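Chains as they are written, first to last, in our numbering: chain A, 1 to 154; chain B, 1 to 126.
Calculated directly from the structure, the hints in this document are not laboratory data. If you're wondering where the values come from, they're calculated on a predicted model, not measured in any experiment. It is possible that some hints are incorrect.
Unchecked claim - Derived Cβ-Cβ restraints for the label pairs, each shown as a range:
| id | chain 1 | residue 1 | chain 2 | residue 2 | range |
| --- | --- | --- | --- | --- | --- |
| 1 | A | SER68 | B | SER111 | 11 to 21 Å |
| 2 | A | GLY87 | B | LYS96 | 30 to 40 Å |
| 3 | A | GLY92 | B | SER37 | 47 to 57 Å |
| 4 | A | SER129 | B | GLU61 | 22 to 32 Å |
| 5 | B | LYS30 | A | GLY87 | 48 to 58 Å |
| 6 | A | ALA75 | B | LYS126 | 39 to 49 Å |
| 7 | B | GLY33 | A | ALA120 | 50 to 60 Å |
| 8 | A | GLU106 | B | HIS69 | 15 to 25 Å |
| 9 | A | SER68 | B | GLY33 | 26 to 36 Å |
| 10 | A | GLY87 | B | ALA75 | 27 to 37 Å |
Said to hold, decoys possible - The following residues of chain B were derived to be distant from chain A, with all beta-carbon distances above 12 Å:
| id | residue |
| --- | --- |
| 11 | ARG27 |
| 12 | SER37 |
| 13 | ALA47 |
| 14 | ARG62 |
| 15 | SER111 |
As the list claims (entries may be wrong) - Derived DSS-like pairs (lysine-lysine); straight-line CA-CA distance at most 27 Å:
| id | chain 1 | residue 1 | chain 2 | residue 2 |
| --- | --- | --- | --- | --- |
| 16 | B | LYS74 | A | LYS128 |
| 17 | A | LYS112 | A | LYS128 |
| 18 | A | LYS61 | B | LYS48 |
| 19 | B | LYS126 | B | LYS30 |
| 20 | A | LYS72 | B | LYS96 |
| 21 | A | LYS27 | B | LYS96 |
| 22 | A | LYS27 | B | LYS93 |
Glycine included, each C-beta is placed from N, C-alpha and C at the ideal position.
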Amino acid sequence: MKKLIALPALLAVLALPAHADNYSVPKHAAFQEECTSCHMAYPPQMLDADSWRAVMNGLSKHFGSDASIDQKRRAAIADFLVAHAGGRKTGGTRDANGKPLLRISETARFEKKHREIAAATWQRASIKSPANCTACHAQAAAGDYNERSIRIPK
Amino acid sequence: MRHSLIITAALFATGAQAEVPRDFLARFEKEAGTAASAERGARFFTAKQGGEWSCASCHTERPTLAGRHARTDKAIAPLAPAANAERFTDAAKVDKWFRRNCNDTLNRLCSAQEKADVMAWLLSLK
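If we strip away everything but chain A, and leave its shape as in the complex, we get (with noise of 0.2 Å):
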């Protein structure tokens, strides 16, 4: 009987993190079958709508990867993006010439968050890239980057 209580209280514990954190990723067939099959879903929330259209005007030559996709989808997932988009919170979402930044990882709000980050970290075999949230923020996927959550491998 106890059990009986105990099961859908953890479940809901379980399923929290996911609503509570505003990086969770919004459900969306299109984007979680085409944009999650290299890497992880990267929170919308995380790159201004100038960005993501220049993410999604370029996927044939997508950071070395040829990410393309059908045109009909193309547009689907572009405009879930663009609804879902960061604002200013994103910080600085363009390079020196005024282009938007198609990556995260260089936007002024990423340095910030990762000031105390070493280059030589970065380069570790473990982590690769700066694009590689999961080597140290163990539940990205579900859109929860809480220090507590945070375990840089060696």
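We have chain A; now place chain B onto it with these hints.
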């Protein structure tokens, strides 16, 4: 038991799209106009061809095992049908990934012959 009934029912419901791995071998062989060779497929899959990657860089030389994306490190489920029943069951998905991955490894599309050879090899893995 209940589950397998439901899955079977679902497969029939989408009958027009559901395909099995052998269908792709047949299709690529027909397009190529010659028989496939598993041995050639193995060589093609594991050798770099001028670029930074071979197919095995992400799918391993033993595609019955899980792989890792060579750049992002993300886990990739096994590619061989014997180890992963979801593989080669959806033509749109198969065509999309052959297009992307061939572009990334060879800087061009794969020929029908190359795809047939890869299929023959993947189907031979147990």
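Evaluated hints:
1. A:SER68 <-> B:SER111: 11 to 21 Å: 19 Å, holds
2. A:GLY87 <-> B:LYS96: 30 to 40 Å: 33 Å, holds
3. A:GLY92 <-> B:SER37: 47 to 57 Å: 55 Å, holds
4. A:SER129 <-> B:GLU61: 22 to 32 Å: 24 Å, holds
5. B:LYS30 <-> A:GLY87: 48 to 58 Å: 53 Å, holds
6. A:ALA75 <-> B:LYS126: 39 to 49 Å: Given range 39 to 49 Å: holds, Cβ gap about 43 Å.
7. B:GLY33 <-> A:ALA120: 50 to 60 Å: 55 Å, holds
8. A:GLU106 <-> B:HIS69: 15 to 25 Å: The hint (15 to 25 Å, Cβ to Cβ) holds, given that A:GLU106 and B:HIS69 are roughly 21 Å apart.
9. A:SER68 <-> B:GLY33: 26 to 36 Å: Distance hint for A:SER68, B:GLY33 holds at roughly 28 Å.
10. A:GLY87 <-> B:ALA75: 27 to 37 Å: 33 Å, holds
11. ARG27: 20 Å, holds
12. SER37: Nearest chain A Cβ is 27 Å from B:SER37, so the label holds.
13. ALA47: Check passes; 20 Å lies beyond 12 Å.
14. ARG62: Correct as stated: the minimum Cβ-Cβ distance to chain A is 21 Å, above 12 Å.
15. SER111: Label holds. Min Cβ-Cβ 17 Å, cutoff 12 Å.
16. B:LYS74 <-> A:LYS128: 11 Å, holds
17. A:LYS112 <-> A:LYS128: With Cα atoms ~20 Å apart, A:LYS112 and A:LYS128 stay inside 27 Å; holds.
18. A:LYS61 <-> B:LYS48: OK: A:LYS61 and B:LYS48 at ~20 Å, within 27 Å.
19. B:LYS126 <-> B:LYS30: Cα-Cα ~25 Å, so holds.
20. A:LYS72 <-> B:LYS96: Since the Cα atoms of A:LYS72 and B:LYS96 sit roughly 14 Å apart, the hinted pair holds (cutoff 27 Å).
21. A:LYS27 <-> B:LYS96: At roughly 23 Å apart (the allowed maximum being 27 Å), B:LYS96 and A:LYS27 satisfy the hint.
22. A:LYS27 <-> B:LYS93: 21 Å, holds
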